[in-house]
Amino acid sequence: MTAVNSAKDDVLVSVRGLKTYYSLRGSFGQRLVGREAGHVKAVDDVSFDLYRGEVLGLVGESGSGKTTLGRTLLGLVPATEGSVSFEGADITRMSERELRVLRRSMQIVFQDPHASLNPAMTIEQSVGHPLTIHRIARGRELRQRVAEALETVGLAPAEQFLEKYPSDLSGGQKQRAVIARAIILNPLLLVADEPVSMLDMSVRAKILELMLYLKHEFGFTYLYITHDLATAKFFCDRIAILYLGRIVEMGPSAAIYEDPKHPYTKALLKAIPEPDPLRSVPRDLPRGEVPDAARPPLGCSFHPRCSAAFEVCGWESRDLRDLLEIRWARMAAAEYEAERATIGDIAALDQPATSFRVAAGNGRPGSEVLALLETIRGEMPDEPFWKGVRALTAADGYAEVELFPPVVPRLLPLGRAHVECHLYDAEALREADARQAARL
Amino acid sequence: MTADPVVSVRDLRVYYGTLRGTVRAVDRVSLEIGAGQVLGLVGESGCGKSTLGRGILGLLPEGAVSDGEVLYAGQNLVNMSPRELRRLRGPELGLIFQEPMTRLNPLMRIEEHFSETLKQHEPSLDDREIRRRSLETLGRMGIPPTRFRQYPHEFSGGMRQRIMIALALLLRPKLLIADEPTTSLDVIVEAQILSILADLRQSFGTALLLITHNLGIVAEACDRVAVMYAGQIVEEGTAREVFSEPAHPYTRELLRSTISLDTKELHSIPGAPPSLIEPPRGCRFHPRCPDAMQVCAVNPPVEQELDRDRRVLCWLHGPAEEVPEDGWSPLERQELAVAEEA
Amino acid sequence: MAVPVPSSVEPAQRTRLPGLRRALAPIADARGTTRTMLWLGVGITLAFILIALFAPVIAPYDFDTFQANGERFDQLEAPSTDHLMGTNVQSTDVLSRIIWGTQTELKVVLVSLFFSISIGVPLGLFAGYFGGKLDRALVLVMDALFVFPFLLLAIVIAFLLADKVGQGILSAAIAITVVYIPLYFRVVRNHTISIREEPFVEAARALGARPLTIIRKYVFFNVVQNVPPLATLNAADAILTLAALGFLGYGIQPTDGAEWGYDVNRAVSDAASGIWWTGLFPGLAIVLLVVGLTLLGEGLSETINPVLRKRPKAEADLSGSVAEAETP
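Protein sequences appear in the order of chains R, L and G.
The first sequence begins at 37 in the numbering used here and counts up one residue at a time.
The second sequence begins at 834 in the numbering used here and counts up one residue at a time.
The third sequence begins at 9 in the numbering used here and counts up one residue at a time.
Among the clues, some could well be false.
Said to hold, decoys possible - In silico lysine-lysine, DSSO-like type, Cα no more than 30 Å apart, as pairs:
(1) Lys251(R) / Lys1097(L)
(2) Lys115(G) / Lys172(G)
(3) Lys200(R) / Lys251(R)
(4) Lys952(L) / Lys1007(L)
(5) Lys172(G) / Lys225(G)
(6) Lys55(R) / Lys302(R)
(7) Lys55(R) / Lys172(G)
(8) Lys1097(L) / Lys306(R)
(9) Lys1097(L) / Lys302(R)
(10) Lys423(R) / Lys306(R)
(11) Lys225(G) / Lys200(R)
(12) Lys302(R) / Lys423(R)
These aren't lab readings, by the way, just hints derived from the structure by calculation.
As the structure is a computational prediction, the values presented were derived from the model and not from experiment.
Chain R with its partners taken away, still in its complex shape (with noise of 0.2 Å):
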């Protein structure tokens, strides 16, 4: 599943089948789920190539597991499953002491500029650390290396900052020391992490403008993890977008900014807030928000969002407990006790399943919460969740819902780009038409 690339073809990072997973402590009164007994999937199976010298950008939310991929790719978080190859050499599989060795090669920006440098350290001792720590330099020439980095990166007359500590600079200068810590040993990769997030608008530009030159001077591949996708078009020429540990589309920056194919691709560009007096807020946004990754809805993890929806996304009981507690928030107190009144417990709801019941109220009978469900079903035709429904009907005390099984999508490849969508899936669209003859 390599991404096409037009014209770089050396690559310096191959991920392939990533997976990493923090295993929840049991907490009480957590249900374990099935076979997965509690784990958080922060990674679940991303495999990609980065080429020397180019910028690719991971974008996505937070729970998307982009931070955790850019630390897997280190190896500041053992990996779970798969392979990171890094010039040839897989570091999941090496141990810290090789690592360490490697970590000459590739280094991090975090996003916090305040909390990224020692606050017991001088600037000076906080640049040179990794020359000291690798035994590079020392005392004169260490200084000499530390100034002439902090000069590429701007911060100028260098011996000004020399012996300053870090309460004594302001946020984007912080940033700039990061960055010349980042760069003193030349590394191949370098991972920027939210690395302007934190900073004034007016400074952001000056701090990305530092990247590109640096990049441009010294040939450095960047891996820009971002939430924003407005400083991406400007710093990226390959974006993957993440959502929930999974890459959803992924392509040339121009593909994914002028013609977004996936849904969630698409309320992102469209949600980011545009200086123009002209423009109000979108109001046709996916509803909802990103969901717990340690019980990641089934089938297409963004389809209790997703308006285009349909037959093969993967539906549950969960989706239907969120259309009815969609539908009681709107409604006012009365009407909403007279309704609660017809379902019993939905408690039962929580547990993901294709085949579930919703129990009747107290001693009534399973026909009136079928009618209710129909009643919902006709006053929103057009909500997706009907067409993942096989079959409504009712028993004594309970009404029997049966729902198509979800279909786990694939990234597949789409002229310039990757998606991972049933839109675009041939096989999964037939089945789709299949299932709606189908339906009962």
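Fit chains L and G to the known structure of chain R by using the hints.
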């Protein structure tokens, strides 16, 4: 300016002391917000916008002093006793913070938060009415009644912010101040919250002061905008006018520095925001202003009303009589040392 | 943006001990009650230290001198010109015993402090940084020690050591050391655990630093600021423990040196007879030194701990706002 404003701030000053001197966080600020209006207060970090927002409500940092007028319902909030102010906060004046967890007690269910707030300010309500009101307000924010009895940690960040907004609106305040309400949220959730805030005018008729550093938010969600720099409002007007034709060089440069999907070139403003303890002489922006003139370095600018609805604090817009003969010539500035660069 | 030629790298002038200066800066900035506490504490503690140092010079007699010029001193003599604080039942001068006692107290406290810190702090650092089995085992041991009432533990240890090391300064010091190790361990460990998660520590890992380097350069300096306030409060407590040990007869033997607690013990029976000077003065000495150390400790705590530090109420001056325009 506005017909019958809900709150009218005149010449407000908020200063507080530090070891290095007096910080003039808010230095003679005036503004007005009408009912159902959304005023965006935009500025970068350290410009004093948060202090202004809280200063209006009387929530001053420790050791701070304030002066000037904040007229609300015919009273000046600046001179009010803390007790009187406390009575107003909640039913009349609301505040939403950046981090939604700060006002939510992790050990209390949402239901308890709401009933406590209502009982405190409207003790005559019975339980049924409390529940009805709470569920209604929450419902408008998209929080379903089935989750009424959950604890704050069971909600995601965006939902917690909705709960916060619901709590703030529960008592139907006339003025709501939102201090960076979406800064810690993801972009899609941010848009959701913003549409809720923008709708407040229709549903509740609340006057909203939206404090943020993000120009895009202001353009999309606000009727009017006030740009703040170094403790002062340098420009104010309708969002449409200020964004399409910024009068103040700082506003213009800030707009140019904002990176959006349409950005073709990167721009930044040289230098860094000044210290609020010893701001530059004359116009506070002059060391960084590409259009600075001689007079800007010496005399502080006088506020000018450009239109019925627009004002700016900049010598480029006069008043011409007060500018001396050679005051109009451009200012020679030394190259800013990077030491002052951000 | 062309690459600028690096300018000369010799810094103009290095300030001496910049790190120390920065660390002590908050102390100079202290105001109000904190300042009073600090300076009072420093004053008292310093006074006692000086007394201890100059004991041979200022003490009128030796700690066990009970005679002069062949003549035995009066027993239980009230304060007089010869004996400013009177004598006790063994005809030794109370004042001299207090002065010499200062030496004893400080000796024991310093030794035990030294050992407590040099064992407790590194253990805390390692347990906090590495976690895992080592951490769990150490925490178990330390918590067990913590559970024991200080005094009881000290007595038990002093008792056990009595056979091996003999009673004296060393055994008292060891007893006190053991009692206080868990304190440093716990504080340092907890702080290390929170520092460990800080981005700059992760950055150090990303740079390829080894754990020992990280602990030394990144964790230690940020954690060590907790130690001075803890040490002074610890010292105050140790004085009391030592005095208690002495009072109970497990501390310093009278032949080794003067010890305030022992003196107070001896003075108990005197009180019934209306003899106040044998008990009052040693008792006051204990109280004064403990108070001095405590003030110093609390003062340091407030200055160093930024959470407790109150923002100095510097006056906000409303008058000088917008500057007067000047004619160019």
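Evaluation of the provided hints:
Between Lys251(R) and Lys1097(L) the CA atoms are separated by roughly 18 Å; this keeps the pair inside 30 Å, and the hint holds. The suggested pairing of Lys115(G) with Lys172(G) holds, with an alpha-carbon distance near 21 Å, which does not exceed 30 Å. With a CA separation close to 27 Å, the supplied pair Lys200(R) and Lys251(R) stays within the 30 Å bound. A distance of roughly 19 Å separates the Cα atoms of Lys952(L) and Lys1007(L); the hinted pair therefore holds under the 30 Å criterion.
At roughly 40 Å between alpha-carbon atoms, Lys172(G) and Lys225(G) are farther apart than 30 Å, so this suggested pair is violated. Our distance criterion of 30 Å between C-alpha atoms is met by Lys55(R) and Lys302(R), whose separation comes to about 26 Å. As the CA atoms of Lys55(R) and Lys172(G) are separated by approximately 60 Å, the hinted pair breaks the 30 Å bound. Straight-line distance between C-alpha atoms of Lys1097(L) and Lys306(R) comes to about 18 Å, which keeps the hinted pair within the 30 Å bound.
Taking the CA atoms of Lys1097(L) and Lys302(R), the gap is near 21 Å; set against the 30 Å cutoff, the hint holds. Our distance criterion of 30 Å between C-alpha atoms is met by Lys423(R) and Lys306(R), whose separation comes to about 26 Å. The suggested pairing of Lys225(G) with Lys200(R) holds, with an alpha-carbon distance near 17 Å, which does not exceed 30 Å. Note on Lys302(R) and Lys423(R): the hinted pairing holds, with a Cα-Cα distance of about 22 Å set against a maximum of 30 Å.
Hints 5, 7 from the list above are not met by this structure, while the remaining hints are.
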